[in-house]
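Colleague: Residue-level listing of the chains:
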Amino acid sequence: MSEYLIKNGFVFDPVQGIKGDKADIAVKDGKIVKSSEISSKAKTIDAKGKSVMAGAVEIHAHIAGPKVNEGRNYRPEEKLFGYTPKKTGSRMAGGFSIPTTFKTGYEYARMGYTTAMEAAMPPLYARHVHEEIKDTPIIDEGAYPVFGNNWFVLEYLKNKEIENVAAYIAWLLTETKGYAVKIVNPGGTEAWGWGLNCISIHDPVPYFDVTPAQIVQGLLEANEYLGLPHSIHVHTNNLGNPGNYETTLDTFKLAEGYKAKNKFGREQVLHHTHVQFHSYGGDNWGNFESKSKEIMEYVNKHDNITIDLGQVTLDETTTMTADGPFEHHLTELNHLKWANVDVELETAAGIVPYIYSPNIKVCGIQWAIGLELALLAKDPMRTFITTDHPNAGPFTRYPRVMKWLMSEKARKDQIDAFKYSDKVVAATHLASLDRELTMYELAQMTRAGPAKALGLAHLYGGLKPGMDADIAIYDLNPEKPATPDEIEAAFSRARYVMKSGTPVVVDGEIVSHGNKRTLWVNAKVNENPQVVRDIKDKFLRYYSVNQANYKVANHFVPNPYIIEVDATQ
Amino acid sequence: MTKSVTDVICPFCGTLCDDLEVVVSDDGKTIVDVYNACAIGAEKFMHAQASGRVTRPRMQQPDGSYKEVSYDEAVEYTAQMLAKSKKPLMYGWSSTSCEAQSVGHEIAEQVGAIVDNTATVCHGTTLLAVQDVGIPSCTLGEVKNRADRIIFWGCNPCHAHPRHMSRYSIFPRGFFTNKGHKNRKMIVVDPRNTDTAKMADIHFQIEQGRDYELLSALRVALRKEVLPDTVAGVPKEKIYEAAELLTSGRFGIIFFGMGVTQTLSKNHNIDEAIMLTKDLNEFTKFSIMAMRGHYNVTGSGQVLGWQFGYPFCVDLSRGFARYNPGETSSNDLLRRGEVDAVFVLGSDPGAHFPISSVKKISELPSVAVDPHITPTTEVAKLHVPVAFVGVEVGGNCYRMDNVPIDARKVVDPPEGVLTDEEFLTRVNKRVKELMEA
Amino acid sequence: METVTLTIKSQPVLFLEADNITPDVFAGKSAADIASLHAYEGRDQITLGKYFDVAGKAGATAADTKIVVKGDVSRVKYIGMKMSAGEILVEKSADMYVGGWMQGGKLTVKGNVDAFAGLGMQNGELIIEGNAGNYLGAAYRGDWRGMQAGVIRVKGNAGSDIGTFMNGGTIIVEGNVDVHVGTHAEGGKIIVKGNGKSKIGGQMVEGEIYVFGTIDVMMPGYKYIEDVDLEVDGVKGKFALYHGDLGERHPKRKGQIVYGKLYQKI
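Chains as they are written, first to last, in numbering that gives the first Met the number 0: chain A, 0 to 568; chain U, 0 to 436; chain L, 0 to 265.
Calculated from the structure, these hints are not laboratory results.
Here the structure is a predicted model, which is why all the values come from computation and not from measurement.
Careful, some of the hints might be misleading.
[Unchecked claim] Lysine-lysine pairs mimicking BS3-like chemistry, simulated, CA-CA at most 27 Å apart: (1) Lys463/A / Lys47/A; (2) Lys85/A / Lys49/L; (3) Lys184/U / Lys537/A; (4) Lys49/L / Lys86/A; (5) Lys253/L / Lys360/A; (6) Lys422/A / Lys251/L; (7) Lys85/A / Lys85/U; (8) Lys81/L / Lys85/A; (9) Lys431/U / Lys86/A; (10) Lys85/A / Lys83/U; (11) Lys2/U / Lys86/A; (12) Lys86/A / Lys223/U; (13) Lys222/L / Lys237/U; (14) Lys83/U / Lys49/L; (15) Lys85/A / Lys428/U; (16) Lys33/A / Lys47/A; (17) Lys196/L / Lys418/A; (18) Lys418/A / Lys251/L; (19) Lys535/A / Lys428/U; (20) Lys223/U / Lys222/L; (21) Lys422/A / Lys253/L; (22) Lys85/U / Lys8/L; (23) Lys133/A / Lys428/U; (24) Lys83/U / Lys550/A; (25) Lys235/U / Lys222/L; (26) Lys535/A / Lys178/U; (27) Lys154/L / Lys222/L; (28) Lys431/U / Lys133/A; (29) Lys85/U / Lys251/L; (30) Lys235/L / Lys196/L; (31) Lys178/U / Lys157/A; (32) Lys81/L / Lys85/U; (33) Lys251/L / Lys360/A; (34) Lys431/U / Lys85/A; (35) Lys83/U / Lys8/L; (36) Lys235/U / Lys8/L; (37) Lys537/A / Lys181/U; (38) Lys81/L / Lys86/A; (39) Lys408/U / Lys133/A; (40) Lys83/U / Lys86/A.
Okay, chain A solo, but in the shape it has when bound:
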């Protein structure tokens, strides 16, 4: 395989603690190696005056699967005049808030992202998720099956049967080729089967008589029992409502006293996603305000929790979540087209287009809250940049989010552009925050941090010899100050991107589809005849497919990267 030497760049690598020093990065056989290990034939890439980082890692985005595709298919108006024509060597690429699979791969790669996690996989639709992942070029991907409203989980946790839940998780991860335990509106989505919801973490789930708190805590214990690479990945109850920050803090507190147990170097036991949507004060849209300080005060003090932002980008977008009742609530507010799917025994999902308008006060406050979470974070290794794509905005806006986080001026310009800037300022803390993230902190929030939280620090997020050669080079010279717009432009089109040692982007353009892999976790547990029997019984009586037709066959995952976990001891 090829050898490369990336020379003279300013390197930002939290894994090795390199903070912008000039250093050479050597690549051999898809891995980063010591410079002494490559031959004189290595191809040299001159990164003089540019910044070099590991490929970025997306920890939470909705980029593949049934609801994403429903979003694509039901929004032709979004693609009307924005399609990228076909070029030699690449496929047609279209869509804005819900790009086609090809565009998804291309756009991530262009920004220097080389790994992305699909945030919610309905197990019954896992095959669909993997078909789309297969058609998403370049980036490595994994998918989180949803567990928080699954009938097996609800029934086992009613009796606190952690070992049975663990055995079921292990079985489902293997059946669906899944990566982690995702929880969305625990219990509330099952309640949605009857048009109901669970607003607080103590509202019992109809019929199943278990509370969201029990579900989250039980899945947390099962997750640590198994020692999975990622922690439970939570979207708690009461998303999007004024005053919901208390529910969020209540959910965080469920993790108190737990320590991570795994062999992957992961330290958190609970990742809470798109916290922006969960950091709201007030009790109506009139007195709606930021509670980012209360949230971050808690997060900063508790190092067994990680979060991601869910940053609002002020675009017209398409919301989609397994939080079925929330999407119904949203369509009641904006009257835009509502799609919903309830999935037998497992979950649900809803979709509604949404316009985050700079002329609406609430949207301005939401925008500020996301940025505040990042700027108030004391440990950038535990707070990650996301837009909860496409919910708060498309992932293609990451460069803009980075600009806002790195430039106080860029934030001020945006605040001034709001129609109700005074009201936004009054309801938030952003105007008083002068912090500007450094390139190193950015590398922590987008590379090393998410990789570690996913239990993938051995592969991704850094440039240490032995790690995968996922490398991005940006037109940013740390010795010369960049304007906000230059920051956004540089992160939008990386000068050069390498995935597992293969150049995939040169001068901002796609040059190769790479050799994308699908990450999934194969967890071994002791034989558990009860769970085996329960699974068989549920398929016979309640599922609409036969058990033999449920498993995602290997051919749907043609290039797997399987992470083995042994919990038989």
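We have chain A already, so just place chains U and L on it with the hints.
Modeller: Leaving out everything else, chains U and L in the frame of chain A:
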């Protein structure tokens, strides 16, 4: 000795039953018997065995007779036709696997084709309605486990989706419906007194072409507003009663078919039915689902969706994807003379399109890929026989509720017969060479 | 104002996509420049000059440019697409998408047009002296933001689905219309001087529809309110006012529920 293949997926309708048992001969070449399938599904398997099946491509001669050609020649003809055409129509895709569809799309992208599937004459109007107003829906297992109000509107599952009622909608005992059909109220809306209507608790035998008005009237009734004395031939008292019945259930669902998608008002009927469903969610839980016809028409919409962003009628002619049924829909294209070549796979437009469109196909360079001799293969210049998907080759398919199920292979295809995917892959390779030249 | 004259030389084998025929694209260009602008026939990119003789020259801006299209362009799509100013006169019939997503200026077609004329119209004036096809002044698929402003006048008949998801502006059809008028409208005004059929104002939230002639079947969600004397597009008369669609949601303004208004001439 025979052996049994279990958990077989039925490649007939969008119900996509996955519990068939097929008995095959010991050498794995002959199907002996089919269990659990409906009569049509069983026939589908047995038909693969019919004698006199064409096993090599056939080229139509000037005198109307057919000449056997090799697959190589068939690949060459197809690739040349597509590469020379300015705007070919690549139609069908509903009776094949997603893997084959995917290869077809790669060809289409290179030659600037229009890719359209059978939704264009079936549930395409549903897709338009979904684009206008969304769709609250669920999987069929939700219906089995929860539903107590079942409406069949303009569809006749007794004949078109024979096992739908027994597997999912009326008879099964589910988690919250342990009394089966006794837990459920069945309502049928159909101008005809169909076999499905005969089973219903309530049958609204409405005036033809007035579905939109009746659906609207139900929404008016839900809002407790005034109604005219009769709507669509139904007295207003009955409409208020029906609204009451719908809201009094715990979980309801509307299944609808071509009786509303392809009659007057088309997409507007579905639009109004979806909005009725949305309104009903103010009172209770309600869903709505299209009774999709071909076993993998849903899959075609899915693959087109993730690759191009539109579920049918996808026009790739200008190097990017466009979509506007009414213009980019097969029958409009054929009627208006907008295409100059036709490629058909996994459908039989010769049997389902208006005669004017079929005539247009016969006047153009054309290729039909189909295991059988069909009205389409009879007008096409080239007929390429292929293996039966779901019988002789596996592949992914999507059920009417979008649930993906991987179809199984049961027996080998006849000696030397290619699968859809194999044939398309060879055409793709040749098209690539021609387009790059 | 400068005038560019396009005269079609021969009919395309397939249909011609000529979205470059607009004052905006022509502005500042000579006849030769215009003849070398792109058009598409299927996947073939060709020039306008292949099918049109181009005479005259364009003004410096769109507003200073008038385009006259001579000959049968019933196989030419997208004439006047997105035009923002200036003028187009089509002397015979044109195909689909005439004045699609038009933003301003004036576009006149002396003959008939096919479907999707004035689709997603933002503003401007579109006059069809013959008949119009389906989806006149409608929204593009999936968009809840249809016609915003401007005027469409059809002197003949129009097809089905006119003014779908209309938000503003005026559509006047002097002849008859097919089914589905103003479906999902949330504003704007549609005047039908001939007869309507059925499905008029279905799912309408707000806006106005006037029908001078007959309505075969009234939507059930329309409630008679009162008779009113009005002058509509120069015609005085007594109209029966209905409110609807009562099956649809309606906003409240100043404590009053806002309905769609359907006026039928008595």
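Colleague: Hints first: check each against the structure and report whether it holds.
Modeller: Structure-based check of each hint:
no. : hint                : verdict
1   : Lys463/A / Lys47/A  : 20 Å, holds
2   : Lys85/A / Lys49/L   : 25 Å, holds
3   : Lys184/U / Lys537/A : 25 Å, holds
4   : Lys49/L / Lys86/A   : 26 Å, holds
5   : Lys253/L / Lys360/A : 22 Å, holds
6   : Lys422/A / Lys251/L : 26 Å, holds
7   : Lys85/A / Lys85/U   : 16 Å, holds
8   : Lys81/L / Lys85/A   : 24 Å, holds
9   : Lys431/U / Lys86/A  : 14 Å, holds
10  : Lys85/A / Lys83/U   : 19 Å, holds
11  : Lys2/U / Lys86/A    : 51 Å, violated
12  : Lys86/A / Lys223/U  : 57 Å, violated
13  : Lys222/L / Lys237/U : 19 Å, holds
14  : Lys83/U / Lys49/L   : 20 Å, holds
15  : Lys85/A / Lys428/U  : 18 Å, holds
16  : Lys33/A / Lys47/A   : 19 Å, holds
17  : Lys196/L / Lys418/A : 46 Å, violated
18  : Lys418/A / Lys251/L : 24 Å, holds
19  : Lys535/A / Lys428/U : 45 Å, violated
20  : Lys223/U / Lys222/L : 13 Å, holds
21  : Lys422/A / Lys253/L : 25 Å, holds
22  : Lys85/U / Lys8/L    : 20 Å, holds
23  : Lys133/A / Lys428/U : 20 Å, holds
24  : Lys83/U / Lys550/A  : 43 Å, violated
25  : Lys235/U / Lys222/L : 15 Å, holds
26  : Lys535/A / Lys178/U : 22 Å, holds
27  : Lys154/L / Lys222/L : 30 Å, violated
28  : Lys431/U / Lys133/A : 22 Å, holds
29  : Lys85/U / Lys251/L  : 53 Å, violated
30  : Lys235/L / Lys196/L : 23 Å, holds
31  : Lys178/U / Lys157/A : 26 Å, holds
32  : Lys81/L / Lys85/U   : 26 Å, holds
33  : Lys251/L / Lys360/A : 21 Å, holds
34  : Lys431/U / Lys85/A  : 14 Å, holds
35  : Lys83/U / Lys8/L    : 24 Å, holds
36  : Lys235/U / Lys8/L   : 61 Å, violated
37  : Lys537/A / Lys181/U : 22 Å, holds
38  : Lys81/L / Lys86/A   : 26 Å, holds
39  : Lys408/U / Lys133/A : 22 Å, holds
40  : Lys83/U / Lys86/A   : 20 Å, holds
Checked against the numbered hints given earlier, the structure breaks hints 11, 12, 17, 19, 24, 27, 29, 36 and satisfies all the rest.
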